[in-house]
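Residues 59 to 184 in my numbering are what the sequence shown lists, from first letter to last.
Each hint should be verified, as a subset may be incorrect.
[What the hints assert, rightly or not] Straight-line C-alpha distance at most 30 Å; calculated DSS-like pairs for lysine-lysine: (1) Lys-139 <-> Lys-89; (2) Lys-156 <-> Lys-89; (3) Lys-139 <-> Lys-151; (4) Lys-156 <-> Lys-139; (5) Lys-151 <-> Lys-89.
[Claimed, not checked] Have a look at the derived ranges for each label pair, beta carbon to beta carbon: (6) Ser-68 <-> Val-184: 51 to 57 Å; (7) Ile-169 <-> Ala-136: 17 to 23 Å; (8) Phe-67 <-> Gly-161: 35 to 41 Å; (9) Ala-70 <-> Trp-179: 45 to 51 Å; (10) Phe-109 <-> Leu-140: 36 to 42 Å.
Quick caveat, the hints were computed from the structure, so don't treat them as lab data.
Source: prediction; values computed, not measured.
Glycine is no exception: its CB is placed at the ideal position from the N, C-alpha and C atoms.
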Amino acid sequence: MKTGVKNKFSIASRLLSFSYAFRGILIVFSKEHNAWIHLFAAILVICAGIFFNISAIEWCLIVFAIGLVFIAEMINTAIEKLVDFVSPDFNDKAGIIKDIAAGAVLVAALIAAVIGLLVFWKYVFV
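Let the hints inform the model, and build the full structure from the sequences given.
Written as structure tokens, this is what we have:
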């Protein structure tokens, strides 16, 4: 609980903070089925990048695309959990909030797919 008094910087508090963040990552990737799909796709794309020996710039684009999708999925999961917590019963407005968050993941995935096509097109189709 926050008391309004700032704690002094300590390595132990930073490590604890990182442990909470890693716990959040593990929760998403251990319990969210859509995150598994995104992880599988990321592994395939990384393998394709290695196979085709893509350039450093292309790797930057691929890493950005993968990160974009993972970040969107994690934010979506956090929003869904929060909405379920504050509105456990069915609620149209809660559903709209969850749909918008899911839509953000879809947009991120579509952007990642376009980046993937732009990067791999010349290796696969030319």
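Cross-check of the supplied hints:
1. Lys-139 <-> Lys-89: Given pair Lys-139, Lys-89 holds - Cα atoms ~12 Å apart, limit 30 Å.
2. Lys-156 <-> Lys-89: holds, 17 Å
3. Lys-139 <-> Lys-151: With a Cα-Cα distance of about 15 Å, the restraint between Lys-139 and Lys-151 holds, given a limit of 30 Å.
4. Lys-156 <-> Lys-139: Holds - the C-alpha atoms of Lys-139 and Lys-156 are around 9 Å apart, at most 30 Å.
5. Lys-151 <-> Lys-89: holds, 25 Å
6. Ser-68 <-> Val-184: 51 to 57 Å: holds, 55 Å
7. Ile-169 <-> Ala-136: 17 to 23 Å: holds, 20 Å
8. Phe-67 <-> Gly-161: 35 to 41 Å: holds, 39 Å
9. Ala-70 <-> Trp-179: 45 to 51 Å: holds, 49 Å
10. Phe-109 <-> Leu-140: 36 to 42 Å: holds, 40 Å
The earlier numbered hints are all upheld by this structure, with none contradicted.
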